[in-house]
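Input sequences plus hints: build the corresponding full structure.
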Amino acid sequence: MADEMLEKVRDLAEGQIDFEGQRFAEFLATALLTIVGALSFIVGFTKQDIKLALMYGLGGTALTMALIVPPWPFFNRHPVKWLPVGGIKKQSQGISVDGQIVG
Amino acid sequence: MHSTLVRTQNVFGFFTTVAFVVAALIAASDIVASRTPKASVVVKDVSVVMGRANYYAKKKEEFANIRFSMSADLSSLFTWNTKQVFVYVSASWPNSTSSEPSNEAVIWDTIITNPSADHLQNIGPAAMKKLKRSAKGKPIDPSRGKIELKNQKPKYQVSVPSGKIAHTNDVVLEVHYNVQPWVGVLTWTPQIEFLGWKKMKGGVSKVFSLPAVKVKKDSTKKN
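These protein sequence lines are chains F and G, in that order. Mind the numbering: the first sequence is residues 1 to 103 in this note's numbering, read in order. Mind the numbering: the second sequence is residues 1 to 223 in this note's numbering, read in order.
Simulated from the structure, these hints should not be mistaken for lab results. Even glycine gets a Cβ: it sits at the ideal position worked out from N, Cα and C. Wrong hints could be hidden among the right ones.
As the list claims (entries may be wrong) - Mimicking DSS-like on lysine-lysine, the simulated pairs with C-alpha atoms at most 25 Å apart in a straight line are:
id: 1; chain 1: F; residue 1: K51; chain 2: G; residue 2: K44
id: 2; chain 1: G; residue 1: K132; chain 2: F; residue 2: K51
id: 3; chain 1: G; residue 1: K129; chain 2: F; residue 2: K51
id: 4; chain 1: F; residue 1: K47; chain 2: G; residue 2: K130
id: 5; chain 1: G; residue 1: K83; chain 2: F; residue 2: K51
id: 6; chain 1: G; residue 1: K150; chain 2: G; residue 2: K38
id: 7; chain 1: F; residue 1: K51; chain 2: G; residue 2: K146
id: 8; chain 1: G; residue 1: K153; chain 2: G; residue 2: K198
id: 9; chain 1: G; residue 1: K44; chain 2: G; residue 2: K83
id: 10; chain 1: G; residue 1: K138; chain 2: F; residue 2: K47
id: 11; chain 1: G; residue 1: K216; chain 2: G; residue 2: K153
id: 12; chain 1: G; residue 1: K136; chain 2: F; residue 2: K51
id: 13; chain 1: F; residue 1: K47; chain 2: G; residue 2: K146
id: 14; chain 1: G; residue 1: K136; chain 2: F; residue 2: K47
id: 15; chain 1: G; residue 1: K164; chain 2: G; residue 2: K44
id: 16; chain 1: F; residue 1: K51; chain 2: G; residue 2: K164
id: 17; chain 1: G; residue 1: K132; chain 2: F; residue 2: K47
id: 18; chain 1: G; residue 1: K214; chain 2: G; residue 2: K153
id: 19; chain 1: G; residue 1: K206; chain 2: G; residue 2: K44
id: 20; chain 1: G; residue 1: K44; chain 2: F; residue 2: K47
id: 21; chain 1: G; residue 1: K146; chain 2: G; residue 2: K59
Unchecked claim - Which bits of chain F does chain G cover? Going by a derived footprint, with three or more residues having C-beta under 8 Å, they are:
id: 22; segment: 4-18
id: 23; segment: 28-36
id: 24; segment: 42-50
id: 25; segment: 66-72
Structure (structure tokens):
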């Protein structure tokens, strides 16, 4: 019981996502931060307000963080389909020990 | 990008790169904004008096008091990247051995903040309130670059190591400025023109001479 809960907490903290999700997160982070940077400069320059540029830059980065860092469900839409253990269907060899089939 | 920690590091890492590039762009945007400052400075009353550099100074020296009037328009220096502008008036004169003005002393200065940097001014709470209210809602306030001084008393008297400054010839007053940006390099009154950055228009007074030491009338009466 305690072990299971600990496992869940560990999973949540680690926040693993699948391979497609990783590719998407990488792209999203790069694109969003670039856009935020460009936007903060353009807004600051046109409004001639350096504080506004700073706010846009920091705010946009915070939003990007919120979107990228947690393991959102859309990063886990392509789970890896593992092959079954051994790769082949198990067939009994008919070995019995003490009346039980073991292999 | 597989775990929370790695994603945090990657996003933050790229954020620092973006921040650096944006800062570089902001610094570069200064070059686009043209600077066309102009000023005129007129010498008013000049006097040379004997005095002590401090209360316990054994030596009495000559101090030059130069009153002046100034009218300056530095409003083009105020852009979104300007933190503050330091304006100073200096008196300069050549050495007896060369014609180049090789002595320079600041006689008056002031700091003009852009509204974005008002909170950095070292003034009392009442004056701070007034200053902030003067530019409420305005990210930049170029009108602060307009300075009008009438018969201004100098902030600093001029003295020289030899202690003798009376009868100095070929003295001129000059207006200088120093732009301190939020991001980028400090820039002083340019000596060459560069793109939109023009030299100061005017800003130099007529040549004048310092008079003889003023004789105190009170002390002569008492003696």
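Structure-based check of all given hints:
1. K51/F with K44/G: violated (42 Å)
2. K132/G with K51/F: holds (15 Å)
3. K129/G with K51/F: Measuring from Cα to Cα gives roughly 19 Å; hence the hint holds.
4. K47/F with K130/G: holds (24 Å)
5. K83/G with K51/F: holds (11 Å)
6. K150/G with K38/G: holds (17 Å)
7. K51/F with K146/G: Within the cut-off at roughly 24 Å; holds.
8. K153/G with K198/G: It is violated: about 29 Å lies between the C-alpha atoms, which goes past 25 Å.
9. K44/G with K83/G: violated (32 Å)
10. K138/G with K47/F: Distance ~10 Å between K138/G and K47/F Cα, so the pair holds.
11. K216/G with K153/G: holds (19 Å)
12. K136/G with K51/F: Roughly 14 Å between the alpha carbons, so the hint for K136/G and K51/F holds.
13. K47/F with K146/G: Answer holds: K47/F to K146/G is near 22 Å, not above 25 Å.
14. K136/G with K47/F: Distance of about 15 Å is within 25 Å: holds.
15. K164/G with K44/G: Within the cut-off at roughly 22 Å; holds.
16. K51/F with K164/G: violated (51 Å)
17. K132/G with K47/F: Holds. K132/G to K47/F sits at ~19 Å (cutoff 25 Å).
18. K214/G with K153/G: holds (17 Å)
19. K206/G with K44/G: holds (11 Å)
20. K44/G with K47/F: With a Cα-Cα distance of about 42 Å, the restraint between K44/G and K47/F is violated, given a limit of 25 Å.
21. K146/G with K59/G: violated (41 Å)
22. 4-18: holds (count 5)
23. 28-36: holds (count 5)
24. 42-50: Coverage by chain G holds for the segment 42-50 of chain F (6 residues, Cβ < 8 Å).
25. 66-72: holds (count 4)
Hint check: violations occur at hints 1, 8, 9, 16, 20 and 21; the rest are consistent with the structure.
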